[in-house]
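In order, the protein sequences belong to chains S and A. In this text, residue positions in the first sequence follow my numbering: the first is 124, and each later residue adds one. In this text, residue positions in the second sequence follow my numbering: the first is 124, and each later residue adds one.
A portion of the hints provided could be inaccurate.
[Unchecked claim] Listed below are the simulated BS3-like cross-link pairs for lysine-lysine, each with C-alpha atoms no more than 25 Å apart in a straight line:
1) A:K235 x S:K154
2) S:K235 x A:K235
3) S:K154 x A:K252
4) S:K155 x A:K155
5) A:K155 x S:K235
6) A:K252 x S:K199
7) S:K155 x A:K199
8) S:K277 x S:K356
9) A:K252 x S:K155
10) S:K154 x A:K199
11) A:K235 x S:K155
12) S:K252 x A:K199
Hints are computed from structural coordinates only; laboratory data are not their basis. Remember, predicted model here, so these are calculated numbers, not experimental data.
Number of protein chains: 2
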Amino acid sequence: MGKVLCLTPPKGLCDGLVASLNAEAHFIERKKFPDGESYVRIPIPVSGEDVLVVHTGFPDQNDRVIEVLLTIDTLKDLGAESVTLLMPYMPYARQDRRFREGEPVSIKTLLKTLSNLDLDYLVVVDIHKEYSLSEFGGGAFNVSVLPYLAEKIKDEVEDPLVLAPDRGATARAKSVASVLKAPWDYLEKRRDRVTGEVTIRPKEISAEGKTVIIVDDMVSTGSTLALAAKQLKAAGAKRVLALVAHALMVGDAENKLREAGVERVITANTLARDYPTITKVIDVSEYLSNFLVEKGLA
Amino acid sequence: MGKVLCLTPPKGLCDGLVASLNAEAHFIERKKFPDGESYVRIPIPVSGEDVLVVHTGFPDQNDRVIEVLLTIDTLKDLGAESVTLLMPYMPYARQDRRFREGEPVSIKTLLKTLSNLDLDYLVVVDIHKEYSLSEFGGGAFNVSVLPYLAEKIKDEVEDPLVLAPDRGATARAKSVASVLKAPWDYLEKRRDRVTGEVTIRPKEISAEGKTVIIVDDMVSTGSTLALAAKQLKAAGAKRVLALVAHALMVGDAENKLREAGVERVITANTLARDYPTITKVIDVSEYLSNFLVEKGLA
């Protein structure tokens with residue numbers, strides 16, 4: 124195993140990784156100058172070494188991006204043999220195409236920029252759309268932690284119904300349903316032609332009496348999830364849980380979700396933040412270290 | 124003249140430029156999502172056009188950098204014939220070498236990243252060290268506004284003495300002294316061998332009775348400038364002025380400078396901010412537009 128360098132690592136992830144990999148953790152020096160510029164410093168010699176950088180893209184995405192650009196370019200300058208970036212939460216992944224003329228494809232710009240700095244390998248967790256990674260080229264890997272999270276809550280959910288938030292995002296729900304040996308469906312918006320009322324319901328399966336688990340890559344402001352939860356509770360769901368890789372929980376997301384009847388947001392420690400109490404945070408460091416070893420990246 | 128696109132332009136600079144260039148100003152749509160991600164959108168067709176983007180690197184440097192990366196990549200994607208970036212204040216320019224082992228050369232990383240996105244031309248104002256621009260290659264230009272600022276205050280200063288902040292930074296002072304037809308010198312730190320007291324004095328010329336003008340590329344927190352001003356006042360300087368291209372004036376810089384006896388900070392409108400009252404801000408848009416025309420960039 125080469126060197127593990129923790130940049131702005133998610134809570135507990137760096138410690139867990141180095142324990143699983145039987146490596147030593149080194150923390151990259153990191154600060155902001157009074158004028159607002161970011162500073163990083165590599166604390167150990169890296170010439171000829173294979174280096175694994177552990178970082179996150181949230182919170183303060185732009186600061187995180189600048190830090191990682193400075194870090195990668197410096198490691199390459201200092202002669203690192205190879206640099207692997209484990210950035211479980213990849214920011215800007217939702218802007219994966221030009222929804223309107225004149226917009227950036229922000230994830231492309233970001234991945235191109237990382238690739239241009241000669242980053243060798245990139246490992247992300249449950250990126251919004253896996254096809255975005257093609258911009259980086261051959262050295263990019265996406266790993267889903269959702270089946271692992273499902274495994275960890277398997278004994279706590281009775282009679283579950285796994286739901287994708289929409290028709291286009293069923294793959295993740297299926298992977299979770301398979302672990303839980305549960306049925307799955309996707310949520311569908313319908314507008315009543317007479318009253319104009321919008322209902323959100325599972326396409327095929329009734330939520331009545333079920334422990335509903337809504338599966339997604341991430342929850343941000345929680346608005347969509349809250350809307351669905353409210354209607355699922357109204358439709359008789361016994362419990363509503365969310366299972367997401369990345370719990371951004373921006374602003375008053377926690378209150379919004381509680382009020383809508385979401386009991387718990389089950390998530391992985393992919394972000395450098397304190398998580399609100401509605402979340403159940405599952406440490407994925409061992410799972411990710413196994414993935415890195417399996418791919419020959421650690 | 125092609126299209127002028129204002130991204131996060133310094134106060135008055137975009138309006139002034141388009142007036143001087145007899146062009147139309149278009150404002151790039153710009154916002155932050157609730158989760159902290161930046162968004163930009165090019166409001167006009169740019170295919171086949173020569174585009175000039177007007178932006179600044181301050182305040183909130185990291186946001187400004189991300190915005191400009193997204194913008195340049197998008198303009199190139201949309202088929203702009205050439206993209207020129209006028210970014211009068213270039214952030215990260217002071218980290219122009221590895222002062223300590225393991226540090227980034229941040230300005231190199233930034234210029235390399237801009238160049239990798241196929242930005243064609245880059246125009247900056249009084250960059251900290253001009254040699255940093257070599258990283259960008261042939262399309263980079265540095266223009267000093269200091270002689271122009273000096274011209275504008277020429278009639279307000281009697282018996283001036285122009286001072287560089289140290290021996291290594293005399294070129295800027297000389298350029299200002301030449302406009303003012305004034306003597307110039309540089310400040311020198313001396314430590315008294317007996318008392319240990321540090322004095323900061325001009326190397327050769329007495330400040331007594333003079334209107335002292337300290338010339339530099341920028342003032343950030345103002346600490347160094349305040350220290351020098353205090354001692355120059357104590358040494359009998361009649362007035363102490365600062366003349367800088369970029370007045371960042373971070374934190375309580377204004378109070379610090381006032382208390383130290385600095386009467387005025389004369390500066391250019393290179394930053395997207397409201398300037399504190401101690402500054403005298405001189406619009407350099409006409410000067411910069413002349414430079415762009417002269418270089419064939421507008």
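Outcome of the hint check:
A C-alpha spacing of about 22 Å is found between K235 of chain A and K154 of chain S, which places the hinted pair at or below 25 Å, so the restraint holds. A threshold of 25 Å between alpha carbons decides the hint, and for K235 of chain S with K235 of chain A the separation of about 13 Å falls inside it, so the pair holds. Distance check on the hinted pair: K154 of chain S and K252 of chain A sit about 23 Å apart at the alpha-carbon level, within 25 Å; holds. For the hint pairing K155 of chain S with K155 of chain A, the CA-to-CA distance comes to about 21 Å; that is within 25 Å, so the pair holds.
Of the pairs offered as hints, the one joining K155 of chain A and K235 of chain S holds, with about 22 Å between alpha carbons and a cut-off of 25 Å not exceeded. Distance check on the hinted pair: K252 of chain A and K199 of chain S sit about 23 Å apart at the alpha-carbon level, within 25 Å; holds. With a C-alpha separation of about 32 Å, the suggested pair K155 of chain S and K199 of chain A falls outside the 25 Å cut-off, and the hint is violated. Between K277 of chain S and K356 of chain S the CA atoms are separated by roughly 21 Å; this keeps the pair inside 25 Å, and the hint holds.
Taking the CA atoms of K252 of chain A and K155 of chain S, the gap is about 21 Å. The hint holds against a cut of 25 Å. Simply put, K154 of chain S and K199 of chain A have alpha-carbon atoms about 33 Å apart, too far for the 25 Å limit, and the pair is violated. At roughly 22 Å between alpha-carbon atoms, K235 of chain A and K155 of chain S fall within 25 Å of each other, so this suggested pair holds. Of the pairs offered as hints, the one joining K252 of chain S and K199 of chain A holds, with about 23 Å between alpha carbons and a cut-off of 25 Å not exceeded.
Hints 7 and 10, counting from the list given before, are not met by this structure.
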